[in-house]
Amino acid sequence: MQIHEFQAKNIFKEYGIPVPEGEIANNPQEAISVMEKLNSKVVVKAQVHSGGRGKVGGVKLAENSDDVFRFSSEMIGRKLVTNQTAGNGLPVNKVLIEKVTEIETELYLAVTMDYESGSPVVIISTEGGMEIETIAEKNPEKILKIFGDPLLELLPYKIRKLFEKLNIEPSLYKQFSSIILKVYKIFVEKDCSLIEINPLVISNEKFIALDAKISIEEDALFRQTKIQDLFDSTQIDPLELEALKYDLSYVKLYDGDVGCMVNGAGLAMATMDITVKAGTKPANFLDVGGSADQNKIKKAFEIITEDSDVKVILVNLFGGILRCDIAAQGIIEALKDKKEYPSIIGVFRGTNSEEAKRILTDSKIKLIFAEDLIDAAKKIKEIE
Amino acid sequence: MTILIHSETKMVVQGLGRDGSFQASKCKSYGTPIVSAVHPGRGGLYFEDSVPIFDSVEESVDTTGANLGLIFVPAPFALDAIIEQVDSGIENIVCITEGIPVQDMTKVMSYIEGKKVRLIGPNCPGFICPKENFKAGIIPSEIVSSGPVGVVSRSGTLTYEAIVQLTNLGIGQSACIGIGGDPIHGTSFVDTLRMFEEDNDTKIIVMIGEIGGLREQHAAEYIKSNVSKPVVACIVGQTAPSGRRMGHAGAIVTGKSALAQEKIKVLKSSGAIIAESPTEIGYVIKEILK
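Heads up: the protein sequence lines correspond to chains A and B, in order. FYI, in our numbering the residues of the first sequence are 121 to 504. FYI, in our numbering the residues of the second sequence are 22 to 311.
Hint data in this document are derived by calculation from the structure and do not stem from the laboratory. No residue lacks a Cβ here, since even glycine has one placed at the ideal position from N, Cα and C. Warning: the hint list may mix true and false statements.
Here are the simulated BS3-like pairs of lysine-lysine, each with C-alpha atoms no more than 30 Å apart in a straight line [to be verified]: (1) B/K277 <-> A/K262; (2) A/K161 <-> A/K333; (3) B/K307 <-> A/K265; (4) B/K128 <-> A/K397; (5) A/K310 <-> B/K277; (6) B/K307 <-> A/K498; (7) A/K265 <-> B/K136; (8) A/K310 <-> A/K365; (9) A/K397 <-> B/K31; (10) A/K326 <-> A/K175; (11) B/K47 <-> A/K477; (12) A/K333 <-> B/K128.
Taking CB as the label site, the calculated pair distances span [stated by the list, open to error]: (13) A/G172 <-> B/R215: 38 to 48 Å; (14) A/L286 <-> B/K277: 24 to 34 Å; (15) A/S353 <-> B/D101: 31 to 41 Å.
Covered stretches of chain A (in silico footprint by chain B; criterion: 3 or more residues with CB under 8 Å from a CB of chain B, positions within the stretch not fixed) [unchecked claim]: (16) 268 to 282; (17) 335 to 343; (18) 361 to 373.
Could you build the full structure based on these sequences and the hints that come with them?
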């Protein structure tokens, strides 16, 4: 789960990591009063769950109150499309107004989980301000890493060794190591999957986190109740939001028209692959989970039929704990009051699949049965 | 005996909730020697009238000699359950639980390093050995049959998909094992390939991988220099968008090496036979067996 920059900076403040002085504004009027309070030139930053804001007008320098009014009016209420957003962008509901920071040195700092070693890794580069992918491509030698340990956490000697390689004024070591340790602490205590500060700057002999990005691991949200409150439902696709409420694993894809409903993540990926082999494209990834009941299947099916991109629906269920007959009833429930709906192709195998086919045949739903995925691919082609 | 079990293997099931009870019952009726169950608060009672339930794993090991553990404990308590089994001297642990926080799993892996214990999973369907009628997990026994093919996969339902195709073509399996969809996990493809290579009952190996991580790359390296048996590999997720989690916590494209196409390329060059789609696995194996 992602949170906004201003929320991440609030967490930084709690842990004693320096951030620029600033406040959030919900409208241009508030933006002006924040600026007056700060009594300085400010940066206006659109709050959306995406990087790359600067390149598309989501970060602007305001010299005076006219600027701050204009920029915040332009941002708030609009959708911001960056190179990282899908579909038609993300809505800006708030802007962060911050005092301008003079920059002497820019660093890149991140903590993430290294799955190979099974340890958190601290990544730092002197090429701050650039995207890490770009640095990795152009100057991989400029990316330095130190590893924590799940049980020992991050040892100070590693930070000392890292600092030696950075060519930074030695008197700044204490500040540096304190920031690294604090970021690491947040990473562990808040069950993060990523903390990124890009850039971390040196300004008047002080380190300041100019930007802040924090992602929390979804599987750990049950014990991060405070973080749960920071969830912003406007920053995800409405259909994905609906799926989230019912604990369905759903990802909307923006260039396809075959709606897929599958049980099991692997089988769901395979089903997507097969729609592409058939010369079509999937409109979504959807795993209803191993033990979905009738209501969950109904909801899943509704989400797919609500997607206006969907022209054909492919249902691929392999009954295990999941019973195909119960799933069939879920589908019937979802279509009960619908007069029109896309063509449906259904593959039902495993537990109670024959019963499912009987129930669906007896209902008045128009559904084409397929033997297996190869057969289903053929039938999608015929329809399209 | 095929991989993972021997004539003295005795199973303890930990976590008798709705799914745990249902699945333990299925394991038992298939023929698996379940000697005990663990569910704090239910010690002294019996599961299905015959299997003694204990409050702790240690008691269950001391009393019944259990040496293989099957865990269905919910994610928030799974770390505790796994470590309890390790500390009680269980040799093989299968953890079915889905959704364990990554940091809990990194602690588990760090703790068990160097200890004489094998962890399978988490977030996996476990394993089944058809010849011995032994099942530790949730793979439906109705679809398996005994024969020469060893199946290993990161995905539960895709394991079933492969098994059904094989069984329908009259080709049996030596053992089927799901290693799980989480990024931090116990037994790897490499571990499983080693077991299948050493196992006399296994003649051909099916390996089903997916996007994310480097597990398939490690497998490819291992196949190249250590596996003499034919390996049929299939990778799913070729159409998954970058940066989005495809159900499994580990199935996410984060860079070039995480891509399905990249994994297929390295597996191909390692000598593995590629099944372009999971629907072709059965036929590819049939061709090899001709």
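Hint check results:
1. For a cut-off of 30 Å, the pair hint linking B/K277 to A/K262 stands: about 20 Å separates their Cα positions.
2. Proposed proximity of A/K161 and A/K333 is supported: the alpha carbons are some 24 Å apart, at most 30 Å.
3. Restraint check for B/K307 and A/K265: not satisfied, since their Cα atoms lie roughly 48 Å apart, outside the 30 Å limit.
4. About 41 Å separates the Cα atoms of B/K128 and A/K397, which puts this hinted pair outside 30 Å; it is violated.
5. As the CA atoms of A/K310 and B/K277 are separated by approximately 29 Å, the hinted pair is consistent with the 30 Å bound.
6. Restraint check for B/K307 and A/K498: the C-alpha separation of about 23 Å stays at or below 30 Å, so the hint holds.
7. Using a Cα cut-off of 30 Å, the hinted pair A/K265 and B/K136 holds, with the two alpha carbons roughly 28 Å apart.
8. Distance restraint check for A/K310 and A/K365: the Cα-Cα separation of roughly 22 Å lies within the 30 Å cut-off, and the hinted pair is therefore satisfied.
9. Pair hint A/K397 plus B/K31 does not hold up; C-alpha atoms about 45 Å apart against a cutoff of 30 Å.
10. Between the alpha carbons of A/K326 and A/K175 the distance comes to roughly 27 Å, so the proposed pair stays at or under 30 Å and holds.
11. As the CA atoms of B/K47 and A/K477 are separated by approximately 25 Å, the hinted pair is consistent with the 30 Å bound.
12. Taken as a hint, the A/K333 and B/K128 pair is honoured in the structure, with Cα atoms around 25 Å apart against an allowance of 30 Å.
13. Hint check: A/G172 to B/R215, Cβ distance near 44 Å, so the stated range 38 to 48 Å holds.
14. Separation of A/L286 from B/K277 is about 28 Å and conforms to the stated range, judged on CB atoms against 24 to 34 Å.
15. Our hint of 31 to 41 Å for A/S353 and B/D101 holds, since their Cβ atoms are close to 33 Å apart.
16. Only residues whose beta carbon comes within less than 8 Å of a beta carbon in chain B count, and the segment 268 to 282 of chain A has 3; three or more means the coverage holds.
17. Interface restraint, the segment 335 to 343 of chain A with chain B: holds (6 residues with C-beta to C-beta distance below 8 Å; minimum three).
18. Beta-carbon proximity to chain B at under 8 Å applies to 3 residues in the segment 361 to 373 of chain A; the threshold of 3 is reached and the given coverage holds.
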